[in-house]
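Q: Below are the chains, spelled out letter by letter.
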Amino acid sequence: MAEAQSYTLKVRRFKPEDGRGPYWQEFEVDLDPTLSVLDGLLQAKDREDGSLSVRCSCRAAICGSCGVKINGQSTLACLTQIGEAHEHVNRRDRDGDAKPITVEPMGNMPVVKDLVTDMESTHWEKIRRVTPWLLDDGDPPERERIVPPESMVDITQTIACIQCGACVSACLSMEVDPDFIGPAALAKAYRFVGDPRDVETRERLYDLAQDPHGIYDCTHCFACVDACPKGVAPMDQIMRLRRRAGDDEGIRDRNNGHNHELAFVKIIEKKGTLDESLLLQESYAPGIKGKLIPKPAAIKGLVGSLPTAVRGLRTGKMRSLSKLIPGVHPKLPGDAQGHVKRIHEHAEEHGDELNLYITGEEDVEPEPDEEKLSPPEASEGPKEPE
Amino acid sequence: MKLAYWPGCVSRGFTPELHGSMALVAERLEIELVTLDRANCCGAGVIAEHNQELADTLNARTFALAQQTGLSMMNICSTCQGAQSECQQRLDADSAYRAHINEALAGEGLEYVKDGGGFENKNFLWVLVEDYGLERLKTKVTRPLAGLRVGPFYGCYVVRPKHRLGYEEHPERDLYLEYVIEALGGEVVDYDGSRKCCGFPVITMNRETSLRQAGTHLGDALDQGADCLVTPCPLCHLNLDMQQPEAAKIVDRDLGLAVLHLPQLVGLALGYKPKQLGMSLHIASTEWVEERLTGVPA
Ligand code: SF4
Ligand code: SF4
Ligand code: FES
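Heads up: the protein sequence lines correspond to chains C and F, in order. With this note's numbering, letter number 83 in the first sequence gets 83, and the count goes up by one each step, no holes. With this note's numbering, letter number 297 in the second sequence gets 297, and the count goes up by one each step, no holes.
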């Protein structure tokens, strides 16, 4: 063990009973750098102020109770080494005065006291929202339901969730739309959508696609991916839900989510680079040239984006009217477009392969933890499901 | 310094001023750019949502085209960086998968080689700090941006996910905009939204969520006294600048905050006029910029 070193923890405190609102307080702690920020908090509580409140139990990243924000990053206090947290916050001014490690309660949740948040309305209620149990066909089998191990590989990642709420705390959509179902609950939804024993797959997907606060309310910001201590990558699960809903089940959601995806893919196939005008039009009203499907949302969307487009014209941003007319964007030069189209055909032949996990750099031994999470196929490239 | 250059789609579509200002700035910094005009869209994460292999193949094609030039590659879009880094990580992780993807490229005589000739793909921001160097940049500054209060806006895809974007090797990548602003003589404005999401990816799916994000960050920056924002991502620029009047309605407050592309901010310090850098094409007014900087002779 390395020598103990002293660190400063700057903790955001809140005591509902004292009426003064939230405030910052600094604690000096002495710890081995490989011990955790949670160890630091517990030392401060032990030596300086017994009223400092933090939730914890296992101290080993298993129980999911110690979610906090450390230096602004949502994570587990017991999983973050205090030495690393110190280095991170001081990664710029290595010679100047050391900056303290900041510790705050999780975001997007009401604070009960100090670092303890109320996870009911922003986490548990949303978990219940996605029907987090298996809906089977009703007739209990004589013995257990047998599934091939390969079919469970796809949902292994989501099963690793310990319900800590770090992803909810970090979610940037939820920050502006508290009704967003959110990363943890949607990852949980995929746990059952991807389970071959569940019989309500389509209903689940339809519900999550049509909800304006469902799978198409995620802005693809990766905040939950960086926050999650268990490698669940909630955003990746949301993208799978989108693929299952739109591409596999053909659900035309009223949020234009699936249209947007199809339009994008089609435009790149035809032109190689993105034609934004065409994307707007095709997302809102696909097939306008052939048969227009006048969905209310499509028309509202098109009209809604008109002021922006007109302003673009006025400043000269879209240099001519032609910029606004879908389809005038040039194709790639020479035979390049033909090659892009051929790539499309090649890749689209593999319609519904398993998701490709990244297992780490080649020739690098995966961490034992990751090994468990990765599918056996991952090292052999993509495969069609049997 | 010579680099293969992928300008992206948006810089030649809705934000032509980005492509234009990059060309001017590269010339003055003596960075020679070999444009990959046969390369294709990065897919912006949307193609990956539809079909991961398709996205991987399309980006492998772009890398292979860059590798043909024998040069490393530069992009000028956080979203391109994110989408391309994701595919590159996937391609580099698995030789069998790489071979499978290369099959699709063979018809065009192309091949993506892992680490081929030390191949890297970097955003202009990373190139500027890691390869060009801030000290060298400082020597090129003819008009320091003295007194200009600039708020950095990174764009999600150059700050997250950390494990894919070289943060182990370069832990300060999420501070580079601050470094550049300071090197150009400007003043950094700290505000809440600098590393948050502009909202663009859901603009066609949930306008309210999208514009509330943009509007909130613009408002936060204004509250901290910013004169303008600077971003290395043209998609962020669309939501923060082009949609700004709409965002103002959603957050119900006056905004009116100029948003500059990274090459534009650099260009100002190199002595270019706002008009030359295409700043008159912006929606939020940039007319004051010229006047603010005239105190310092170009
Ligand atoms: S990627 Fe989606 S779910 Fe995850 S934090 Fe961002 S908005 Fe929330
Ligand atoms: S997905 Fe990850 S971050 Fe979110 S609750 Fe589960 S374990 Fe925690
Ligand atoms: S104390 Fe159990 S996860 Fe941290």
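Check each hint, because a few of them may be wrong.
As the list claims (entries may be wrong) - Incomplete in silico selection of chain C near chain F, CB under 10 angstroms:
(1) Ser51
(2) Leu52
(3) Ser53
(4) Arg55
(5) Ser57
(6) Ala60
(7) Gly72
(8) Leu135
(9) His213
(10) Tyr216
(11) Asp217
(12) Ala223
(13) Asn259
(14) Ala263
(15) Leu274
(16) Glu348
Claimed, not checked - Result set (DSBU-like, lysine-lysine): computed pairs, CA atoms no more than 35 angstroms apart in a straight line:
(17) Lys273/F - Lys249/F
(18) Lys266/C - Lys114/F
(19) Lys273/F - Lys266/C
(20) Lys10/C - Lys162/F
(21) Lys138/F - Lys99/C
Unchecked claim - Rough simulated footprint, nothing fancy, chain C against chain F, three-plus residues with beta-carbon under 8 angstroms:
(22) 44-55
(23) 197-206
Everything labelled a hint here was simulated from the structure, so no lab data went into it. Since the structure is predicted, the reported quantities are computational estimates derived from the model, not experimental observations. Here a beta-carbon is modelled for each residue, glycine too, at the ideal position from N, C-alpha and C.
Q: Broken hints, numbered, in rising order?
A: 1, 2, 3, 4, 5, 6, 8, 19
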